[in-house]
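Participant: Sequence:
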Amino acid sequence: MDDAGILGHLYGAAHDSRRLTIVLDALRARTGAGSVTIHWFHRRADRLRHRWMVGCSQTPADFADLGAMDDINPRTIAALNPVHSGVVMLEDSHIPDILSDEVAEWQKKLRNSGLGQFIGARMTMGELGEAGLAVHAAHGGQAPAQDCRATLTSMMPHVREVLKLSVANAERERERESMRLLIDQMRLGVLFCNASGWIITANAIGQRWMTNAALAAPERCGLGQRARLVTAARGLLLSHGPSEMRWTTPAGDWLIRAMPLVQDGFDTIPQPLGRPSHVIVGCDADGRVSPAPGELLALFGVTRVEAELLAHLCMGEDLRAFAQSRGVSIHTARTQLKQVMAKTRTHRQSDLVRLVMNSPVGLFGSHH
Numbered sequence: 002m003d004d005a006g007i008l009g010h011l012y013g014a015a016h017d018s019r020r021l022t023i024v025l026d027a028l029r030a031r032t033g034a035g036s037v038t039i040h041w042f043h044r045r046a047d048r049l050r051h052r053w054m055v056g057c058s059q060t061p062a063d064f065a066d067l068g069a070m071d072d073i074n075p076r077t078i079a080a081l082n083p084v085h086s087g088v089v090m091l092e093d094s095h096i097p098d099i100l101s102d103e104v105a106e107w108q109k110k111l112r113n114s115g116l117g118q119f120i121g122a123r124m125t126m127g128e129l130g131e132a133g134l135a136v137h138a139a140h141g142g143q144a145p146a147q148d149c150r151a152t153l154t155s156m157m158p159h160v161r162e163v164l165k166l167s168v169a170n171a172e173r174e175r176e177r178e179s180m181r182l183l184i185d186q187m188r189l190g191v192l193f194c195n196a197s198g199w200i201i202t203a204n205a206i207g208q209r210w211m212t213n214a215a216l217a218a219p220e221r222c223g224l225g226q227r228a229r230l231v232t233a234a235r236g237l238l239l240s241h242g243p244s245e246m247r248w249t250t251p252a253g254d255w256l257i258r259a260m261p262l263v264q265d266g267f268d269t270i271p272q273p274l275g276r277p278s279h280v281i282v283g284c285d286a287d288g289r290v291s292p293a294p295g296e297l298l299a300l301f302g303v304t305r306v307e308a309e310l311l312a313h314l315c316m317g318e319d320l321r322a323f324a325q326s327r328g329v330s331i332h333t334a335r336t337q338l339k340q341v342m343a344k345t346r347t348h349r350q351s352d353l354v355r356l357v358m359n360s361p362v363g364l365f366g367s368h369h
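Under this note's numbering, the letters of the sequence shown match residues 2 to 369, in that order.
Derived by calculation from the structure, the hints in this document are not laboratory data.
Some hints could be false.
[To be verified] Computed beta-carbon distance windows for the label pairs:
1) Ser58 <-> Pro243: 46 to 56 Å
2) Leu100 <-> Ala144: 20 to 30 Å
3) Ala30 <-> Ser94: 20 to 30 Å
4) Arg346 <-> Ala171: 43 to 53 Å
5) His43 <-> Arg221: 49 to 59 Å
6) Ala46 <-> Ala151: 31 to 41 Å
7) Asp352 <-> Ala293: 20 to 30 Å
8) Asp254 <-> Glu220: 23 to 33 Å
9) Leu182 <-> Asp254: 20 to 30 Å
10) Asp254 <-> Thr347: 23 to 33 Å
11) Arg305 <-> Arg221: 53 to 63 Å
12) Ala169 <-> Pro361: 24 to 34 Å
13) His43 <-> Leu356: 37 to 47 Å
14) Asp102 <-> Gln59: 28 to 38 Å
All C-beta atoms, glycine included, are put in the ideal place defined by N, C-alpha and C.
Please take these sequences and the hints and turn them into a complete structure.
Facilitator: Here you go:
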């Protein structure tokens, strides 16, 4: 594989880590090595410590275990890996004789895994740590190619940039996953679609909702079949601002809101149907779920009985039914309700229920 092919796969690996194997196998063939590995280190006062590593298809399976042994690996000693803005090479022959016993012991472990001569390159990533690219000759096999060091030196700036991109992409994915979990806890169906109504992505609730509420149907799209909003729902996309509707189905009603979408967050996500232009959010109109009384105690400063009254009202039940279930008079129940309203500074029962259901406990708490 030529340089363009290797670099194409390398930068593509920032979005699909599986492509790293292709890159490392190509570098293995070019350098004549037995194994090629990429490393991500955090710098500590005593050593470089692995955060992550990946090897080519011929890297021994137990090499990852060796990567976890930084405390006995002399190549990770900080004094042997000074901070430097450029590419820094390291070979066992560069390590001072005072560490010869540690080097010999480490080389013995590598020989047991079928690995021989080591040549490594390293480059700083600033606050993110250090990037590394290393080759090991096969034990008992040929030495690395004469231009191996030049290859590592030329590749190292690209490896550094790809690792930085990968870390940034992983952080964005964690943020997106956190948002997905948050939305799921709110029991909302969320669909992202383009202006023609084609569904580009949806959360798990949204996928069930498309089927259960018959909001979208499969249609032919290019070479395949994709889900598309049914005609009656596409009118939501015609407005330049938010638009709402009540979607009625035999299984119940859904409250739906469609909003135009700011595009920037999707610039780096390749989509066969283009970037989404709208987000559609929906909830089950009949799916009211009451917070658990225990979670209401601390948040609203109420007693256990008052918390149970709140949970009862949030389920849509009336005060008389609560009094009967408790074996108290309606007068006592009304007194308890007045005490709760005083503590929450509300003046109407509907305001009280709305306050609870819109609170963090109502949106994200466990329910009963």
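Participant: Now tell me, hint by hint, if it's right for this structure.
Facilitator: Do the hints match the structure? See the list:
no.: 1; hint: Ser58 <-> Pro243: 46 to 56 Å; in the structure: holds (51 Å)
no.: 2; hint: Leu100 <-> Ala144: 20 to 30 Å; in the structure: holds (23 Å)
no.: 3; hint: Ala30 <-> Ser94: 20 to 30 Å; in the structure: holds (25 Å)
no.: 4; hint: Arg346 <-> Ala171: 43 to 53 Å; in the structure: holds (44 Å)
no.: 5; hint: His43 <-> Arg221: 49 to 59 Å; in the structure: holds (50 Å)
no.: 6; hint: Ala46 <-> Ala151: 31 to 41 Å; in the structure: holds (33 Å)
no.: 7; hint: Asp352 <-> Ala293: 20 to 30 Å; in the structure: holds (21 Å)
no.: 8; hint: Asp254 <-> Glu220: 23 to 33 Å; in the structure: holds (25 Å)
no.: 9; hint: Leu182 <-> Asp254: 20 to 30 Å; in the structure: holds (26 Å)
no.: 10; hint: Asp254 <-> Thr347: 23 to 33 Å; in the structure: holds (27 Å)
no.: 11; hint: Arg305 <-> Arg221: 53 to 63 Å; in the structure: holds (58 Å)
no.: 12; hint: Ala169 <-> Pro361: 24 to 34 Å; in the structure: holds (30 Å)
no.: 13; hint: His43 <-> Leu356: 37 to 47 Å; in the structure: holds (46 Å)
no.: 14; hint: Asp102 <-> Gln59: 28 to 38 Å; in the structure: holds (29 Å)
Of the numbered hints listed earlier, not one is contradicted by the structure.
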